[in-house]
Amino acid sequence: MTEGAGLISPVTSPPVHDRGGGSPERGGELHGLNDAQLLDIFKTMYTIRRFEVTMERSHQAGDLYGPFHSSMGQEAIPAGVCAALRADDVVASTHRGHGHAIAKGAELGPVCAELWGKATGYCGGKGGSMHIVSTEHGFIGQSPIIGGSGLLATGAALSFDLKGDSRVAVAFLGDGAVGQGVFHETLNLAAIWRLPAVFVVENNGYAHSFRADQMQLNPDIASRADGYGIPGVVVDGIDVFSVYGAAAAAVERARAGDGPTLIEAKCYRWRGHNLGDAEHLYRERSEVEEARRSDPLHRFRQAVSGRLEPAALAEIEAAVDREIDDAARFAAESPFADPQTALEGSF
Amino acid sequence: MREISFIEAVREAQAEALISDDRVFIMGQEIGSYGGVFRATQDFVRRFGEHRVRDMPIAEQSMLGAGVGAAVMGMRPIVEVMFMDFVACGMDAIVNHAAKMRYMSGDQLRAPMVIRTQGGSGTHHGSQHSQTLESWFLHVPGLAVVVPSVPQDVKGLFKTSVELEHPVLFVEHRALYRTTGPVTDPVAPIPLGQGVVRRRGDDVTVAAVGKSVHQALAAALEMEEEGISVEVIDLRTLVPMDVELVLESLSHTHRLVVAHEAVERGGWAGELVSRVVAEGFDELDAPPLRAGSKATPIPFARELEAAMISDERLIARRVRESLDLAEHSA
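From first to last, the protein sequence lines are chains E and Y. Be aware that the first sequence starts at 0, since it is given in numbering that gives the first Met the number 0, and climbs by one per residue. Be aware that the second sequence starts at 0, since it is given in numbering that gives the first Met the number 0, and climbs by one per residue.
Chain Y on its own, in the form it takes in the complex (with noise of 0.2 Å):
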């Protein structure tokens, strides 16, 4: 099989949906003959066209807007958000506009639009270029989030994501962008709300997107060394979410954390753990942990960073926590 990295498959799902559907353009700062700051849109320019890769004024709030617009008249846009904390500016467009336009219209009106943005600790770019805000998103009905981990999930999600009727966040962690991994030619659509599992184990559940995936699995890893045996689940989706294949996960391993890099409080794992209390309480031999950043904003030193970012360290804490809880309580 191919191995390509994340960005290369952002850059190849992009490419894709522009030759097969001519109602996609993209938008965005510095998507044109710059390429995009991270090359997600290199030579886009000149192999689609200015007219279909356009160029945007700093201004999130009418790059969103006009996206939502121009999606109501059937284009399919995706714009970029050049980092996740910028969606702050422009999230008028995307929760009041964006993802209601379908239901307040009584269906008359749909917004089919993806907006491709990144974010992200560990590159030290400070408090108001590190975010991880997906959850944000949940909150609001009308609106997918999606957040891959691997380059074939990129493409595969991507794939169908453009295609939907409704409007799709889609989340890279700019960390993953160079990774690699196999793709298959071609990539087939992955349904959005289905779930993977990316490692087998017996002891503790840890479920996770993007990035935090690639820790729970580092992990993990660590962790058998120690007789501690970890099943690790990808949901690729928050909205929807595959809560079913983590309690089928439960059936066997009675344990679950759940990581993710945003903060804890008031995150997408506080989500899956109320959902899987109310639908899998008898399945849980101990209480359902959270492995999220602390409550802080993301500060630039590196030691500081470290002292509250959810990484491998702290799943691997929650881990061992979930097992000394079981034991309490057996």
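One chain only, chain E, in its complex shape (with noise of 0.2 Å):
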């Protein structure tokens, strides 16, 4: 078993205007962040990493069956964004989720029990990859409903709001979600009443096949944001230190009571829509391994070369290799889901 709670440490106020550093922006290119508060970035990055290749081979195991859609090439945005906030705030996720709920603190192995139909999940395998929900560490769901994870932090923002709490809701979105009326409702609805909330959209490049230059002559999701009054900010999703500045950012407006924000992280989708994806119909091989030069946690090691020893990273994958070891074995060691708890919980 893992420690959630050692997968990130909240950072209880968004540190960036107090620390100036060298650079005209933002407390430089590292925003002021400390070396814990770094070597934790790093560590929810290649968690995540490291999850989702297990998973992926766990699939082809049989222990995980059903659509499982991997993160990799996008770590930097959940990683960036969490590390912006208070471990009482709380994120809404989408299908490809898994990196938002590690990043959150969500513990690995109820994860992966949970992603294998085990009676140890967080849900007890009525959730599945898709449905993954940690109270505890303020995950409060993804919705597969293309653009439901707004509804979602939207009402729970609302919430926030009527109870007069500083707390805050993110919403992890698609470029998919881009087209669903829904988010244009729920942009609106945040805006108007101010609500505490961020929309992050994670540019992948694809909606399932679908090119995002198919979906919308405007190339610049965030600039949508123009048409709700509210700020929108286009950073590299590739980057953790702009997704980083960017949600620290936005999460104090939000705490501040100043409305929504919403952020639009440009990456690269690097495998396909979900495992078994009929990728060779939509994209060429090159295109893939072009994209994947841009590795997101190579970028981490190249900003951090100056400033973190490569053994303390060393330490840290090693650490996070064992834990995903043990979080694989009590997933496999935990019973099915018991039939009779499939009546239970509806009405």
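If you're looking for bench data, these hints aren't it; they were derived computationally from the structure. Predicted model only: the values in this text are computed from it and were never measured. C-beta atoms are modelled at their ideal positions from N, C-alpha and C, and glycine is treated no differently. Just so you know, not all the hints are guaranteed correct.
[Said to hold, decoys possible] So, partial list: chain Y residues that the calculated Cβ filter (under 8 Å) puts toward chain E: (1) A69; (2) G73; (3) M74; (4) L108; (5) H138; (6) P140.
[Stated by the list, open to error] If you want the footprint, here are the derived chain Y segments under chain E, 3+ residues with CB under 8 Å: (7) 148 to 162; (8) 170 to 176; (9) 220 to 229.
With the hints as a guide, bring both chains together as one complex.
Okay, here's the thing in structure tokens:
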């Protein structure tokens, strides 16, 4: 079993404004993050990467069944956004959501068990890969109904507004969600009520096989924010520090009662839409290989090369590898979901 | 006893919920300073403030969806969907989200919310503002479906609904809004799944909800003069459905007509009939019949509407058919 709380340290207040560094923009390219925070961010990204790889293999081995949507290549986005959140903030996610769950602190064992349909999974096997929930970590669910995460996060933000909480709700969305009517409705509602919400669109270039430029003439999703009278920010989704900077500012704005922000993180989906996707029908292998040269983990190493010892990163890698082995063992040793529970919990 | 109108009961029920539970808030179109197009929230902004009585843009997906999100975070939203037809615009939030949150999260999340809406014919609003669609929701596990017929039940059923841990679809027929009835003070909560016998009779049981209950009672009164004795059951809720009460009634009438204004094809009457046949076949002296509307959109013109809508004449006809068939088979 892994300790989920160790996966990422909650940042109690966005440090970006207080710790001005050498750069004219937000405290330098590392945003004033201290070493522990940097290591946590690395740990989150590396955990997501290893988890996806491990789960992909477990799919081939037959432990994991049903659709599996890998977030490989997009690790910097959940890691950067969640590093800007408090533990009591909440996140709503998509079908491609393992990374979001992990970044928000969900424990690997129960996540893995859920993906394998085990009784010890977060949802007792009723959810699966597209429906992980861990309320104790503020991970309030995934919606594989494209755009649905916006509903959950907007509603959660509304609840904070009603209760006078200083909490923030984040919706992760894909570029495919932008075509949904609900995207428009939720952004507008969050805007007019100045709800403490942050909408993060992971623009990975494809909605299944449909290229983003086939779905919209305007290539910058973030510019739609103008239509709602809220800030829209485009960030390099490969660079965790760009993501963190934008997220920290958006979270600060939301917490201050100034309303939502739309962040577009441009990235690339390394894997097919799901395992077994007929990728050859819509993109060339060479395109994927070219895109994979921009690896968020590699980018991180470059950025921190003068700050962190390689040994410190290697130590984290080894620890994460063990945690993932432990999580897989936990799931493997757990009983399958009890058929008797199938009829419980509905109306 | 105090006599109040149906819409007054709706208003009182919501106000009482706002007073007794600070997790309760209301959102919907025109519900703020306008007071609701049917006056269901009249004066609420003054009494409870704009914070808890939230006017919405015309956007059912976000209205219902934000309701779900707020509910899973511990609030108790009442979402008013102005016309039942518009529920179609927000169906995803109800069907794919609200109904399933508790189950698919392994009981980590719950979506306790009341979705209030009104529908039905008789006011000539045309095909897109007159439908009776509660049958859709019987098919989705996770939702309760409540259809009150009198002010007392509006208050009693609402009190229960707003305290449930599940989403509830609370359906009002707008033709009932100005009808009046006695209410106790206070009104005790009415558990869901408990029907009530509105009229005792010996020959045929008519089961109905909402406005159709009143039509069944009118038909029963008319047929009394012909010597036909009709028992009328008001199911009050469709999920859960009080099939037991219907079976009990059949043990002395042995004939069943199920009446609803919804289109007969695929309507909830089919569900009740199916269960009655499966569980009470031996009690039946005649095939159970349905009195639902014909399968067309609801037309505007009076004469056209009357030609397709389920009403007391249709209910009476089905009752007679039931008896005729019973005689043939005897």
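Quiz item: Holds or violated: is there a CB of chain E closer than 8 Å to the CB of Y:L108?
Solution: holds (6 Å)
Practice problem: Answer holds if the nearest beta-carbon of chain E is closer than 8 Å to that of Y:H138; otherwise answer violated. | Solution: Violated, about 13 Å.
Quiz item: the region 220 to 229 of chain Y covered by chain E? Criterion: 3 or more residues, Cβ-Cβ distance below 8 Å.
Solution: Since 0 is below three, the answer is violated.
Quiz item: Do three or more residues of the region 170 to 176 of chain Y come closer than 8 Å to chain E, measuring C-beta to C-beta?
Solution: violated (count 0)
Exercise. Against chain E, run the beta carbon of Y:A69 and see if the smallest gap drops under 8 Å.
Key: Since the shortest Cβ distance to chain E is 4 Å, the answer is holds.
Quiz item: Are at least 3 residues of the region 148 to 162 of chain Y within less than 8 Å of chain E when you compare beta carbons?
Solution: Per the Cβ count (0), the hint is violated.
Quiz item: If you take the shortest Cβ to Cβ gap from Y:G73 to chain E, is it below 8 Å?
Solution: holds (7 Å)
Quiz prompt | Closest C-beta approach of Y:P140 to chain E relative to 8 Å, hint status | solution = holds (5 Å)
Exercise. With a cut-off of 8 Å on the beta carbons, see whether Y:M74 makes it to chain E.
Key: holds (5 Å)
Of the numbered hints given earlier, the model fails hints 5, 7, 8 and 9; all others are met.
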